Structures are given as structure tokens and as C-alpha cells.
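Participant: The chain contents come next:
There are 4 protein chains.
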Amino acid sequence: DLPLTIIAGPCQLESADHAQMIAGRMVEVCAAAGAQYVFKGSFDKANRTSVRGERGVGVEEGLAILQGVKDRFGCPVLTDIHAPDQCAPVAEVADILQIPAFLCRQTDLLLAAGKTGAAINIKKGQFLAPWDMANVVAKVESTGNTRILQTERGVSFGYNTLVTDMRSLPIMARGGYPVVMDATHAVAQPGGQGDSSGGQREFAPVMARAAVALGIAAVFIETHEAPDTAPSDGPNMVKLDDMPALVVSLMQFDQLAKADPIRL
Amino acid sequence: DLPLTIIAGPCQLESADHAQMIAGRMVEVCAAAGAQYVFKGSFDKANRTSVRGERGVGVEEGLAILQGVKDRFGCPVLTDIHAPDQCAPVAEVADILQIPAFLCRQTDLLLAAGKTGAAINIKKGQFLAPWDMANVVAKVESTGNTRILQTERGVSFGYNTLVTDMRSLPIMARGGYPVVMDATHAVAQPGGQGDSSGGQREFAPVMARAAVALGIAAVFIETHEAPDTAPSDGPNMVKLDDMPALVVSLMQFDQLAKADPIRL
Amino acid sequence: DLPLTIIAGPCQLESADHAQMIAGRMVEVCAAAGAQYVFKGSFDKANRTSVRGERGVGVEEGLAILQGVKDRFGCPVLTDIHAPDQCAPVAEVADILQIPAFLCRQTDLLLAAGKTGAAINIKKGQFLAPWDMANVVAKVESTGNTRILQTERGVSFGYNTLVTDMRSLPIMARGGYPVVMDATHAVAQPGGQGDSSGGQREFAPVMARAAVALGIAAVFIETHEAPDTAPSDGPNMVKLDDMPALVVSLMQFDQLAKADPIRL
Amino acid sequence: DLPLTIIAGPCQLESADHAQMIAGRMVEVCAAAGAQYVFKGSFDKANRTSVRGERGVGVEEGLAILQGVKDRFGCPVLTDIHAPDQCAPVAEVADILQIPAFLCRQTDLLLAAGKTGAAINIKKGQFLAPWDMANVVAKVESTGNTRILQTERGVSFGYNTLVTDMRSLPIMARGGYPVVMDATHAVAQPGGQGDSSGGQREFAPVMARAAVALGIAAVFIETHEAPDTAPSDGPNMVKLDDMPALVVSLMQFDQLAKADPIRL
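Residue numbers (my numbering), protein chains in the order written: chain A, 1 to 264; chain B, 265 to 528; chain C, 529 to 792; chain D, 793 to 1056.
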């Protein structure tokens, strides 16, 4: 029942300066609102819709950028990994390793991530029922690592559409590990723009608020100073300038929710 | 931006005494919590899963029961109608005529209901996109009646399952008419028990809270002193004894939501 | 294991001449191909997307048109009914009363239809699991009428989209009553054109063929000489000129399927 | 418009003897029926529901088993790969590399597979619209490899359930590459048995026949002499003893379909 954590940052790590600009702003915003903060950024977009989509800065430069954010702001950093052999080197910098939704059933990746001892944030696959996360979590637990987070990011609903079932949050919470709402990818429209994904940025605060009212541990939300020109996920990232009001608002709902927990 | 309205009552009208017992309890609960209250009860269950399911007391006795609740407690009453020729007589007693979700595209029923001048609560069909409610609403508007409510009650998601897309609430709100969350039927499992519908009563407060946090006008919630022995919808009705705490909790989220409205 | 029946005609009955033109053509086409034929036409479109959609010729003129088709061609005729009090008069002319998909759980309509003694074709609701048709069928059986047909016409799949689960055909067949594939409405896109439904005419033969290969009793397919100017369901009706080749092709698959039945 | 290819074998490679027993039987069955035959077997089950599920014989033993099948029967062999570095060594034995459905958007895997020059069978993700396979195919094409197969294996439909949209077969075929129906995984019930997947073996022939009637290039079907005791996918594998009749039946529908192609 700790105060809400905000996991926020750009979809892709772009440069050290860019990361520090966003992290700096979010550190201030979260401190002012009483929220915990984790910086998020990807060094590789391994599953772009199109082969022409930008991939990112790569693991070496990515880790340097993340280390820079840690050194300057002292906040934990999260990044996603895509192959077992990335886990150990990435865990030397990243505090939280994130398992992408498409890869949430790849046993070797879950085991390699778990073995690092880092915290592991598992995104629930778009094809997975919330109760089936117990099997996914058990794969990480089998390594002895119980520093686990479970993230809702929407489930397939017809073609090119996701829907978020709010029941999934308390269902996953039964497993005993913190639950995160990914408000950015829950409003993505996979493949919705032909050769890239669309998104509904305007609904990210809607999903975040509804989820926070249920008493979750953290909200994951991608943000950028100019989402429409960002190299990926532009349509569903929240403008950095909109984050202060959003975080303040979410913290109010969080306080109320934590004081009045839902018990199933 | 009026305070939240609670639309609550038993699934079926059972008897005058039963209706008054529930209405009396809810009047107190809502008054204490600062909520507006509408009594809800059905005189006919016209679309039971099985032909052996209990149908209800019928229109004549049903209207007498509803009139009794109005006379004693002065609260508005809502009931659902299933055929055009029921609309005029039912509107002599009921303040709100409800269009069942399966029937939300039956033009004649919408027109007959609209012509009564009563308020019309339209349940969004399990097969309908939220943006398609605009066409449904326009059918009622074509009668000159603009006293319209729009209710979310879940959308088909695979077999025997519904999911509630929280985006549907702000999408429907764009139409300018109040939006209601039906927390009871959103957690139904249609056909889920072979020859009757199942339900997940424990998730009704989850759906209600998430929706209220988004600033909706009303929550629809069926309640019974002994749901497990009720003639219909037992698995998803909330126990009457659990309503006081639930209403108090929802009002807190309502206050916060109304002070901090989501703007799309 | 009789040869395939083709249930075909325009979405709406337009005029006596128009109905006879289509019926005449289809009678020839089916006779040449060895198929049984049932003429189909609606006298009222009771659930148009928009209140401005054309409703049809009405019950009186509609029945006269259907009687004219019977008198001239001797083929059975099918039409859909929307209210209990329509059943008896319509059954004086129509050989098969059809229950619309949205109305497949309206008990009074099913009972009134069943009581006429006519054959009853029940369309499976877009919200219904195939195994739940057993409860729907039992409502008609409770009237003593066992002349029942069950029609697949797609199930809700996200928004504005239907999908046809081919498993539903053998599942419904377990009930012992003939199974029909509605190849026209299975490729509709409900609400897909804003204030009317879209459709994918090109996939109607795809759905028909796949279903016929499984050994079903009948295919329902709407046809029009100029679908794009028809008053309703234009986007998914098959051109009348394309019907001869389609029926011949389906009969070949039917012969093979009936000689090699799938047994579950 | 070549005759149908049957891609069949056990879910997991179990031993050289076991593989040869199944391959030998299938070679005979397909030769007798006039079908082309590809042996299928997995050396690693990389995404089991549970960490306790059996993984398989591994890449070294797996390749030896596959080589043995090729040497003895001269048929092409297919196996699935899960990491980029597996592609080159596996392609030295396997004629067709298969991209698992969960991994169909992992760019590096698609590129590494494409670069081997082997034929690549891409399974469409459970979360992917059929028209979005064009982007997936383009990733392989970007390597200069155009020996591509596209496989339908069902799409997420609510929780623990897949549905096969038959329209996906002609939609994918528009891309110009052969289309395969995976009749085994299309009837899986992911997570449907708690810590393993369920399945509906009885519907595999249903899906296969409906797809073959549409004129596809190949059917993928897993088979085992005793599915209920197989180490994985038991509930949806077809009994080896049922394959001869099934293949003969499918070839009849294939002949008819190839003589009467669907043109969109």
C-alpha cells in the first residue's frame, strides 16, 4: 500500500541529453506529487510492425544512457530485453528488466531474466487470460527470484484493437505481486496504420485513472516532448507537458484507493 | 456534474413488500451518502436463457408495485419494456423506461418509448460499438424526446463472456447524454451455467468504481437480500447488506472525479 | 442427407414484379443444379442501423408478394417476424418463419412462432455461443413444434466486425435440427459505414463454400440484380448474375460432403 | 495449383525410432492419396504454458532425428526455431524453418531465418490481423528470400479460446505466397487446462476440410499414435490411425477446390 509509482519515459532511448531532459522533468513532477518514479526507455524495438521502423540505439549506447540517468537523478531505471543473453549485461545497469508482451511465454527469456536477481516486470501477452499469468510468474519464481511485477497492457479484441479488462488487475493481484497498468500500450491499435501501429493518446489518462482507482501499484506511461515526431509509439505517448497535471490527478485517486482497498 | 445517481433494486419485482424493503433500505443508504436514488425492478424477464426461467409478476402487478414504491418513498422508478405497446401504459407509472440491450436496435420500440416523453435509458447492445450508440440515440431523438440515458453493460468477448471497455464511457458521453455503468450485467456470464447465466458478483464493485472514477452520471446495480436464492441474476447481484459501504465508497470517487473531469 | 437447399432472395421485398423476377431466376438456377430452393424476402427491416434507413413494404403488401411467388413458382417462402402478434398472420402465407438474430432470446416471440406450426428458422445471436442454441431451440420445442432450423450468421469479434466459427456448424448439428449458413450476414460489418452497415460481398462465397464442405443442410444467401442500389444490405448481397456459377459450385462440394460426413 | 501438401508429424521429436515410425506411415498414406508430404517435428518447446512442461530433445539430437527421416524417406522436413542463432545450423538440415506464432513480429528472428535461404513458414500470431501478415512477410523478403509460407492457426477470441476466420486464407493468399492451415493449433485452448493447454482434437478435421475447400496449398496437422500420453499438445493431435481416412478425404476436397478456384 505504498503510494503509486509512475514508470515513465520515452518509448525509445534517443540520446543521453534527451533521456536526461525527460527524466529530470519526471523526477520533479513525481517528487512534487508524492509519487515514486522509475525511468523507462528501450534500447531496441525488436518487434516493429515494419522492417523499416527504427530499431533504436542498441544495447551498448542504451545502457550508457540509462547509467547516466541513474547517476544524475538516482532513480531506478527499467528497460526491456528480447533475448536470454541480453539479461545479464542489461541487469548490471537496469533495476527492472521488462519482458515484452509477445515474449511472455518464452521460457528461456523468463529464466535468464529471473536469474539476474533484478526485478522483473512481465507484460501480460495480448493473447493471455489474466489467470494464466500465474504460470508465467511461476517460471520466474522457479529461479528463486520473487521480485516480480505484472503489467496489464490490453488483450486482443477483434483485429487491430485491444481492450483492457479491468477485472484483470485484481485477478493478477491475487498472485501477490504488484500490478502495473500500462496506459500507453493499452490504447495502441496494433497495425492500425498499415505499416505502423496507431494509438489513441487521449484515452491513456482514462485507462490510467480507472486502474489507479482500483488500487494498483504503478502506472506505466510513455511520454515525449513531441510525440508526433517520435521514432515509435507516437500516436499513444502522452505529451510531456501534460504529465504534471496527470500525475497530480492520479495521486489523488491513488490516495483514495489505497485508503479503501478492493478485496475480492 | 450532479452527484452520482444510484439506480438499484432487485432484478425481478417479487412483491410489494419486497420492493418496499429494498427501496426503503436504498433510500436511506443513498440519502446518508449524498447520492441520488432511482428504484429499479423488472416486471417481466422476456429473454431468459431457458424457457423454464421465471418470467416475473407481469405488467399489471409490476406497475402497482412500482407505484407503491413511488408513493411511499417519492423516488423515481425505472423498469424495462420489451414491446412497443407496453411503453405508454408503463410510462404512466415509470419515470424511466429502459430499453434492453438485445433490443437496442429495434426501431419501433425506441420510437414508442421516445413518444411517451418519459426518460429513456438505452442499454448498449452486447454487439454494439460505443460510437454506434449515436444512431440508436438518434432514433429516440427523432420523436422529440431528448431525456436520454446511455448504459454500458459490457460487450461480447469470445463465448459466454463480456468485457467492459472503459473507453466506451467517455465515447458515449461525447453524445451529450448522461452515461450509466451497469455494474451488474457487465459481470454476467451469459449462458455460463448451461441453462442460466452465471456471474461474478465480486467484480461488480470493481466495475462500478473504475467507471465512477471516470466521472459518469449513474451506476446501475442490482441488489437483493439473498441473491443466491433470487429468481434471476443471482450470481451477479450485490448483497443488500454490502450496499451501504459500496455507495459510500463510490461517492468518494464520484466527488473526486467530478472535481477533476476527464476532457477528451 | 438431402441435397443442399438454397435459401435466397432480396434483403427487402421491393415489389411483386421484383420478387418474381428474382424467384424465377433462382428457381431455374437451383433446378438446373439439383438444389432445393426457398425464396426469402423481408417485409419489414425492424432494426436498421439508422432511423432513416428504409423499412420495407409492410406486412400486408409483403404477404401478398410472398403469396404471389408461391402461386407462380410453387417454392416455399421464408420471411422474418419481429413481434409475437405477427406470427399467426404471417404463418398463413410463409412456410418458414425466421427469428432475427438480435431477437433469438425473446421468449414470447419464439413461443408465438412455434405455436403456428410453421417451420422456424432461428438465427443464432451475434452474442451467443453455439452450444447455447440448445436453450433457444428448447423454447420452440416447448410449443410442440419440432420443425426447427438453426442458422449461423457470425459472432461479435471486436467492434463492427463478425467472425464465423466453423466449429459452430457441427456443434449446432448435434442438436439434431438442420443447420443453415447465412453467408450474407456473416460478412456484414455492423455499423461499418457510420449510419449503415458495411459488408464484404466478395467473402460470401468463401463462407458458403467452407460451410457446405462440412455437410450443412442449407445456405442462406441474399441476392439482387443491382446490390449497390438496393434499399438495404447492398454491400453484402451477391449479384444475381453470379448466382448460377455459385450454386453449381456449392452443389459439387455438397455432394462430396454428404458422401463423406463429418462425425464428431 | 499443385495437389495439397500434408505437413504432419508429432508435436515434439521424441526419438529417432518414433520419428521414423510416424514419417514412414505418413509417407505411405500421402503417396497412396496423391498428396505431397512434409515431416514436422519440434526439437524444443520454448513457450510451454508451465515451466514444468517437457521441453524436448534439444537442437543437436533433434537435427539428427530430422536428418534420419530425410535420409530414409527422402521427404522434406520442417522444424520451428526460436532464436536467431539457431537459424543457420538448423537450416543445414531442415528444408523449412518455421517461425512460431508468438514470435512472428520478432524482426531479428525473421531476418536470420530469411538469410539462410531455406523456405520459411511464418505462423500468423494469435494477435495479428490477416492483412498485417504483409508486414511480416516483407521482413523475410528484405533478406532476398521469397520462399515463404503463411500459416493460419487461429486468432484470440476472448480468454483461453481461438477462432479461425476463414476469410484470412484468401486474404493472406493475396500476398502471393502459399497459405497453410494449421488444423491442430487452431483447435487448441491456450491455458485451458490450468497449467497446460487444452484442445479439441475432434474439430481438427473440421478446420482442415473447410480450409482445403477454399483451395489452400497445405494442411499442417500434428499426429501421434497415442496423443493422450504425448509430451505436449496431446488434446489436439489427431490419432495416427485416423490419418489415412482424413488424408484421402482432404484430397477429394482439394481436387474439387483446385478445379474451381475462389477468386477475390
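Derived from the structure by calculation, the hints contain no laboratory data. Keep in mind it's a predicted model, so treat the numbers as computed, not measured. All residues carry an ideal CB built from backbone N, CA and C; glycine is no exception. Be aware that a few hints might be false.
So these bits of chain B aren't anywhere near chain C, every CB distance computed over 12 Å [to be verified]:
(1) E278
(2) G298
(3) D308
(4) L327
(5) G332
(6) V357
(7) V404
(8) T407
(9) A437
(10) D492
(11) Q516
Using 20 Å as the maximum straight-line C-alpha spacing, the simulated SDA-like pairs for lysine to any residue come out as follows [stated by the list, open to error]:
(12) D:K1031 x C:P789
(13) D:K907 x A:R55
(14) B:K334 x B:V315
(15) B:K379 x C:N575
(16) C:K573 x B:E466
(17) A:K258 x B:E466
(18) D:K1031 x D:E994
(19) C:K598 x C:S578
(20) A:K258 x A:G175
(21) D:K837 x A:T143
(22) B:K309 x C:E730
(23) D:K907 x A:N47
(24) D:K1050 x D:L794
(25) D:K837 x D:E994
(26) B:K522 x A:G192
(27) B:K309 x B:P267
(28) D:K1031 x C:R791
(29) C:K786 x D:D1052
(30) B:K379 x C:S578
Participant: Decide, hint by hint, whether the structure agrees.
Facilitator: Right, here's what the structure says about each hint:
{"no.": "1", "hint": "E278", "result": "holds (19 Å)"}
{"no.": "2", "hint": "G298", "result": "holds (36 Å)"}
{"no.": "3", "hint": "D308", "result": "violated (9 Å)"}
{"no.": "4", "hint": "L327", "result": "holds (18 Å)"}
{"no.": "5", "hint": "G332", "result": "holds (26 Å)"}
{"no.": "6", "hint": "V357", "result": "holds (21 Å)"}
{"no.": "7", "hint": "V404", "result": "violated (9 Å)"}
{"no.": "8", "hint": "T407", "result": "violated (9 Å)"}
{"no.": "9", "hint": "A437", "result": "holds (17 Å)"}
{"no.": "10", "hint": "D492", "result": "holds (21 Å)"}
{"no.": "11", "hint": "Q516", "result": "holds (33 Å)"}
{"no.": "12", "hint": "D:K1031 x C:P789", "result": "holds (19 Å)"}
{"no.": "13", "hint": "D:K907 x A:R55", "result": "holds (19 Å)"}
{"no.": "14", "hint": "B:K334 x B:V315", "result": "violated (32 Å)"}
{"no.": "15", "hint": "B:K379 x C:N575", "result": "holds (18 Å)"}
{"no.": "16", "hint": "C:K573 x B:E466", "result": "violated (40 Å)"}
{"no.": "17", "hint": "A:K258 x B:E466", "result": "holds (18 Å)"}
{"no.": "18", "hint": "D:K1031 x D:E994", "result": "holds (10 Å)"}
{"no.": "19", "hint": "C:K598 x C:S578", "result": "violated (32 Å)"}
{"no.": "20", "hint": "A:K258 x A:G175", "result": "holds (18 Å)"}
{"no.": "21", "hint": "D:K837 x A:T143", "result": "holds (19 Å)"}
{"no.": "22", "hint": "B:K309 x C:E730", "result": "violated (40 Å)"}
{"no.": "23", "hint": "D:K907 x A:N47", "result": "holds (18 Å)"}
{"no.": "24", "hint": "D:K1050 x D:L794", "result": "holds (8 Å)"}
{"no.": "25", "hint": "D:K837 x D:E994", "result": "violated (23 Å)"}
{"no.": "26", "hint": "B:K522 x A:G192", "result": "violated (33 Å)"}
{"no.": "27", "hint": "B:K309 x B:P267", "result": "violated (31 Å)"}
{"no.": "28", "hint": "D:K1031 x C:R791", "result": "holds (15 Å)"}
{"no.": "29", "hint": "C:K786 x D:D1052", "result": "holds (19 Å)"}
{"no.": "30", "hint": "B:K379 x C:S578", "result": "holds (17 Å)"}
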